[in-house]
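Asks: In case you want the letters, here they are:
Protein chains: 2
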Amino acid sequence: MPDKAAKVRLCVPDDLSPGTVVSPSREQAHYLFNVMRLAPGDSLLLFNGRDGEWRAEVAEATRKGGALACVERTREQTRPHDLLLLFAPVKKARTDFIVEKACELGCAALRPVFTRRTNAERLRTDRLRAHMIEAAEQCGFLTIPELQPPERLDRVLDAWDPSRRLMFCDERRNAPPAAKALAGLAPPPGAPIDPWAVLIGPEGGFDETEAARLRAAPQVKAVSLGPRVLRADTAAVAALTVWQTVLGDWSGIEGTMG
Amino acid sequence: MPDKAAKVRLCVPDDLSPGTVVSPSREQAHYLFNVMRLAPGDSLLLFNGRDGEWRAEVAEATRKGGALACVERTREQTRPHDLLLLFAPVKKARTDFIVEKACELGCAALRPVFTRRTNAERLRTDRLRAHMIEAAEQCGFLTIPELQPPERLDRVLDAWDPSRRLMFCDERRNAPPAAKALAGLAPPPGAPIDPWAVLIGPEGGFDETEAARLRAAPQVKAVSLGPRVLRADTAAVAALTVWQTVLGDWSGIEGTMG
Numbered sequence: 001m002p003d004k005a006a007k008v009r010l011c012v013p014d015d016l017s018p019g020t021v022v023s024p025s026r027e028q029a030h031y032l033f034n035v036m037r038l039a040p041g042d043s044l045l046l047f048n049g050r051d052g053e054w055r056a057e058v059a060e061a062t063r064k065g066g067a068l069a070c071v072e073r074t075r076e077q078t079r080p081h082d083l084l085l086l087f088a089p090v091k092k093a094r095t096d097f098i099v100e101k102a103c104e105l106g107c108a109a110l111r112p113v114f115t116r117r118t119n120a121e122r123l124r125t126d127r128l129r130a131h132m133i134e135a136a137e138q139c140g141f142l143t144i145p146e147l148q149p150p151e152r153l154d155r156v157l158d159a160w161d162p163s164r165r166l167m168f169c170d171e172r173r174n175a176p177p178a179a180k181a182l183a184g185l186a187p188p189p190g191a192p193i194d195p196w197a198v199l200i201g202p203e204g205g206f207d208e209t210e211a212a213r214l215r216a217a218p219q220v221k222a223v224s225l226g227p228r229v230l231r232a233d234t235a236a237v238a239a240l241t242v243w244q245t246v247l248g249d250w251s252g253i254e255g256t257m258g
Numbered sequence: 001m002p003d004k005a006a007k008v009r010l011c012v013p014d015d016l017s018p019g020t021v022v023s024p025s026r027e028q029a030h031y032l033f034n035v036m037r038l039a040p041g042d043s044l045l046l047f048n049g050r051d052g053e054w055r056a057e058v059a060e061a062t063r064k065g066g067a068l069a070c071v072e073r074t075r076e077q078t079r080p081h082d083l084l085l086l087f088a089p090v091k092k093a094r095t096d097f098i099v100e101k102a103c104e105l106g107c108a109a110l111r112p113v114f115t116r117r118t119n120a121e122r123l124r125t126d127r128l129r130a131h132m133i134e135a136a137e138q139c140g141f142l143t144i145p146e147l148q149p150p151e152r153l154d155r156v157l158d159a160w161d162p163s164r165r166l167m168f169c170d171e172r173r174n175a176p177p178a179a180k181a182l183a184g185l186a187p188p189p190g191a192p193i194d195p196w197a198v199l200i201g202p203e204g205g206f207d208e209t210e211a212a213r214l215r216a217a218p219q220v221k222a223v224s225l226g227p228r229v230l231r232a233d234t235a236a237v238a239a240l241t242v243w244q245t246v247l248g249d250w251s252g253i254e255g256t257m258g
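Line order of the protein sequences matches chains A and B. Our numbering applies: residue 1 is where the first sequence begins, and numbers increase by one. Our numbering applies: residue 1 is where the second sequence begins, and numbers increase by one.
Just so you know, these hints were derived from the structure itself, not from any lab. Don't take every hint at face value.
Remember, identical chains collapse to one label, so a pair may be satisfied in a single copy or spanning two.
The list that follows gives simulated cross-link-like pairs (lysine-lysine, DSS-like), each with its CA atoms no further than 30 Å apart [said to hold, decoys possible]:
| no. | residue 1 | residue 2 |
| --- | --- | --- |
| 1 | Lys221 | Lys7 |
| 2 | Lys64 | Lys221 |
| 3 | Lys180 | Lys64 |
| 4 | Lys92 | Lys221 |
| 5 | Lys180 | Lys92 |
| 6 | Lys91 | Lys221 |
| 7 | Lys7 | Lys64 |
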């Protein structure tokens, strides 16, 4: 049964090496010392997205800060698969959810895209980034995914990197099941997996012009996520789950953890 | 592009047959006539979980009710696979989410289970049922999943039907990947799929005693959902996605829609 120390995991900006002393932010100090009640000598985990994960010990606990001393590396840094989630912003709570889940499901990058039917509420990217950090801390991810700037879908497609494949969750009934379609695009054993993106549309789905452009693009694989109409947030989790299951770190092919 | 009528789909208690006239509830009338602005002659879809899906027309629109006349059956009734989601209640918003997603992902039944680490907030089953109805209306499901009474996990396991398999999402790293484990339990082509359940624990995971009991039970398949620690709501969506992908109606084996 995990003790409280093993549950506390913080993302910090500092470089991490043996003996490094990290000063938690005021908010982190509140969390560590008031909420989780860590005391001097207690252990916690630190990561920064570059130097792996470290066990650190509380050297000093104060109201506004304190000192956390790096003791030993507990996990080497790894890099997640180059998996990009393109998502049309939806209502605030559901957008927060998509961003949280994308971290738990191991995306390397996220990008909000505005489609023709996207009801563009104001997008607080600082808030999304805070959700991403919290999710990475909580799920054991060694990476904070990159949050790319919001852009119109048309422009994203205009500038598409031809080496990146795109999984397009198509509501047409004749699209092939997602898992089978992805399995058909798996590289030969031992070969690296292509960069991929997953595209999740807004609640109203894609405009017919957008859908036609997507279906016709050579890098795009149109796939079906089953017979029911999924909400955007469900579709995001389901599509990323299928991707990780077939091509990514849920496949059992390798044991790495991003 | 779907017109507004195609978007309106209501679950009603009435039996549905040609010429049946259904009186919407006051809340439904508000939704139909004020929110969606349907007028006499407009079409909508009705279902009741028994008689398939019907196109109906607004015969009369009033502030507190009105009349909806069944015109023609648009889809035959089907039954979803016998897939039960057992879930430990978590915080309110995330429990609501689990229930909504279980409908979108085609569960036949849901049951809240109290585990040793479940923080049992009061569970409003009427509220959960309302969420399930709304989710079924929205996603095109022909079934309102059964909401079984909350029970302690130990008692649920004591009374387990030996013909029902249980997918247990195990946080131990050596559990086999979920998709591979389920594929190994798929019936021969053409044979019916066993009754199944998926068990999702509370945020703190299962107690070691519970986990040991689960791993030892003959009907239980312990599986891994990848290398990161998923929140309970993410795990529910991911586990049900893998199940539908490998054994259910996302597998492409059959075209039925529950």
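Asks: None of the hints should be skipped; say for each whether it holds.
Replies: Tested hints:
{"no.": "1", "hint": "Lys221 with Lys7", "verdict": "between (39 Å within a copy, 27 Å between copies)"}
{"no.": "2", "hint": "Lys64 with Lys221", "verdict": "neither (51 Å within a copy, 48 Å between copies)"}
{"no.": "3", "hint": "Lys180 with Lys64", "verdict": "neither (53 Å within a copy, 49 Å between copies)"}
{"no.": "4", "hint": "Lys92 with Lys221", "verdict": "within (29 Å within a copy, 37 Å between copies)"}
{"no.": "5", "hint": "Lys180 with Lys92", "verdict": "neither (33 Å within a copy, 36 Å between copies)"}
{"no.": "6", "hint": "Lys91 with Lys221", "verdict": "within (27 Å within a copy, 37 Å between copies)"}
{"no.": "7", "hint": "Lys7 with Lys64", "verdict": "within (21 Å within a copy, 53 Å between copies)"}
Violated hints, listed in ascending order, are 2, 3 and 5; each of the other numbered hints is respected by the structure.
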